[in-house]
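A.B. asks: Listed below, chain by chain, are the residues.
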Amino acid sequence: MPGYTLAELGACLGGSPVGDAGHRYSGVASLEHATPEQISFVAGERHLAAAQCSRAGALLVSSHLSPRIGQPHLVVANPHAAFARAVGLFHPEPEVTPGIHPTADIAVSAQVAADAWIGPNVQIGENARIGARSRIGAGCSIGAHGLIGDDCLLHPNVTLYANCRLGHRVILHSGSVIGSDGFGLAWDDDHWLKVPHIGGVVIEDDVEIGANTTVDRGALDDTLIERGAKLDNLIQVAHNVRIGAHTAIAACAAIAGSTRIGAHCQIGGAAMIIGHLEIADRAIVSAGTFVGKSIREAGTYTSVQPLMPHADWKRNAAQLRHLDELHRRIKELEKKLSELERKSP
Amino acid sequence: MPGYTLAELGACLGGSPVGDAGHRYSGVASLEHATPEQISFVAGERHLAAAQCSRAGALLVSSHLSPRIGQPHLVVANPHAAFARAVGLFHPEPEVTPGIHPTADIAVSAQVAADAWIGPNVQIGENARIGARSRIGAGCSIGAHGLIGDDCLLHPNVTLYANCRLGHRVILHSGSVIGSDGFGLAWDDDHWLKVPHIGGVVIEDDVEIGANTTVDRGALDDTLIERGAKLDNLIQVAHNVRIGAHTAIAACAAIAGSTRIGAHCQIGGAAMIIGHLEIADRAIVSAGTFVGKSIREAGTYTSVQPLMPHADWKRNAAQLRHLDELHRRIKELEKKLSELERKSP
Amino acid sequence: MPGYTLAELGACLGGSPVGDAGHRYSGVASLEHATPEQISFVAGERHLAAAQCSRAGALLVSSHLSPRIGQPHLVVANPHAAFARAVGLFHPEPEVTPGIHPTADIAVSAQVAADAWIGPNVQIGENARIGARSRIGAGCSIGAHGLIGDDCLLHPNVTLYANCRLGHRVILHSGSVIGSDGFGLAWDDDHWLKVPHIGGVVIEDDVEIGANTTVDRGALDDTLIERGAKLDNLIQVAHNVRIGAHTAIAACAAIAGSTRIGAHCQIGGAAMIIGHLEIADRAIVSAGTFVGKSIREAGTYTSVQPLMPHADWKRNAAQLRHLDELHRRIKELEKKLSELERKSP
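Protein chains in written order, with this note's numbering: chain A, 41 to 385; chain B, 41 to 385; chain C, 41 to 385.
Calculated from the structure, these hints are not laboratory results. Some clues are possibly wrong.
Identical copies carry no separate label here, and so any pair may be met within one copy or between two of them.
To be verified - In silico BS3-like links for lysine-lysine, alpha-carbon gap of 25 Å or less:
1) Lys371 x Lys383
2) Lys333 x Lys354
3) Lys376 x Lys234
Generate the whole structure from the sequences, applying the supplied hints.
C.D. replies: See the structure below:
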């Protein structure tokens, strides 16, 4: 019988049912849209009002909010993580029949695991290796000597240049490009000379890389993304960058060459980090922030302008060109005033 | 006989010829490069000088500028729109012979309209449907259950993940990725847990999406782009974003998760809008602007630094770190000065 | 025998050996990772300490640093450029056997040079021409009337729309899209009307374009990238932009429509340049900088906020909304103070 009871979910997710543990639910949904046959979750105090109005049949909640929930619910340690697992239970990934599509072009020297799946129009170069149960979507191109571990998922139209190595359970979204040449140029009299890039890219286990994100190969050494790091869409990772384990980077961030980002960092969307910096473990960079110098210790860092109606901005921005002068005028005022005060009776 | 006379153009575009209405023109061009056999247009007062120097044989102009134009011209209500139509008249899209390229890989359960065109190396998944006269360029991948309406145009190498739905007359440019997983992560003890994304993407009629733009699928509910919205290149639309009808977004903008942009908005290039905001109808966000809070009413909003020579910038930027201190010093000066004034005879 | 002696390198690269000129080296590496069998280079004074600790067997150095180098070395005019060439000597590009992959779909009217290489699943449109020794990677799509010169390299999954023309020795990285329609819209009563784009894209000799970069076609005239310009990844080049010869643009920069960038410019990563501007030859735009007006002369230009700990930023940013008011208060203080000074004995 399809679906899950609270008792079954408690067993799968590790939690204690409160209320009717035997009722069977058919799916998951947001608090706003859930029906009585669906399960939702309460991420924290701020969702309590929405939870109280929700038509959801049951909820996943933490123990300290449990007394304030009227519906049947499952008390779990981490409602967000438990809900992520619940979604997977109700929506298992479709089964894929292993095999190689007849239109795939695979070099004779390449090795593809018997239980891997290679989609239509995939191209796999010399000496590449595709691990067990990995799936390579339509139109992907895997360069020579590419290594893809077990249980990887490459969505359609991903490109790996030669000599890029993925660990296990790596997910690459469509349009991502791994291993393109870094932007290395030497000025040579009257033109730019391209610096050949002989480093590769190493992407460790459990990394996920978003759609149309680019990761350049290293000049001499490898570009490295450590285990469990998560990258969103349209991110630029330049040559020889190192991204630490479990660091999460939101969309449209740009990381220039040779910068090292620590572990457990969170880099906001559209942040820009210049080259040759060190970002400490557990640093948090706000969205839209420009990082022009190294960050030596954990903490949150920001550098954005506040939004203003255009007319206000125009008036204020005019002063930005004169801040130094304003500062001098204040100093001058302070000096003159203290002279006056001295003279004053 | 090829080309159009002013009389014919007037009939097609809705306008009144002034000057020789029977002369036949062979094409369109910019004011700068037009020859006497070509037609150009005057967008407004600011192009009048260029118009007066132009060698263009005829012009499209609005009635209030007509008296100041020496060349033969067509008086139209909206010269820019009329010129857009004129370009289409002189440069009709090449005819496409319907059919399915032999290298396309189409699931047996997929339905392709008889008059659609499916290019080389296209992959179409289970139960997908391609509407009448739609054209799917080389190397596109359409996931399972994808719906593509009538008269759509997918340029080469577009990727649609499973369960994405396009209305009619939608244009997707090359490299765009629709339906990739949103950046949804739950921290689970010592690693990020991926939140499965079971929402889809809905793109309504007459939407156009630029090259290498990414639109993530929703976590539980759908990501939505309403009718007539226009998105430029390299834009990130995160999970569960909603973009209102006829909103135009310029290149490299980034819109974070669950933000709702109203109808008839204009978002400038490289603007960054953080998540969970509401942007009112008809709001205009300047290029490069960081939107860190909701915009509650129509109007233009900005948050950029003015450009300076680097040395000036350095001097001024140093004060940006001390604005709060400058403010305190000004308050202190005001206090002391008013005391002095009180004491002064 | 593989590898090169200092004497041989001196002959190839133009330099004078210092120390054992006959020892044979097997490769190149960074100062940090080089072994005694490998060669590295000293870019300048700032790498001297690393050079002195390096285990590299030999170094490429400029004459003024030669006296301070203990290892065998080659004195060269430009160590960075010489090293770039040395990398190419030790790592020649793999030979490619010319030919057309059987899965490529090539229009009958297209012309492909006999010594070109066309990869799997490539699509080439009507009347396109591919020059001598050019290589077109897997999954590329070349639109009708596309011209590709000699010795070009298109990595996998590049898209060229119709009527785009490349010179010789052009390199396009994966996912780049050349010739997509510009973002040209005319407001027509109650909807956006698409302006058909009949211009093309011209990319001159020796240009390199990074992964997932987009270059839009011109509206009426062509978009132009002049010889020797170098573009990094994820850059947006809008319709009718002109980029001058030997200009280098770092990743994630955005250049809006009709802007003209001069020759020998350097545009930093994530810089944003609005439309219809002129940027003078040899201008340098810092990373993350917003260019809202033309740059009339060479020099370095900047407009970014300095990074701050979030709490400091919050305090300082609050004052950004009141700069104009602060300015008025300073003026008021100056006025009152000078009155007091006048009255003061």
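A.B. asks: For this structure, which hints from the list above don't hold up?
C.D. replies: Structure breaks hint 3 only.
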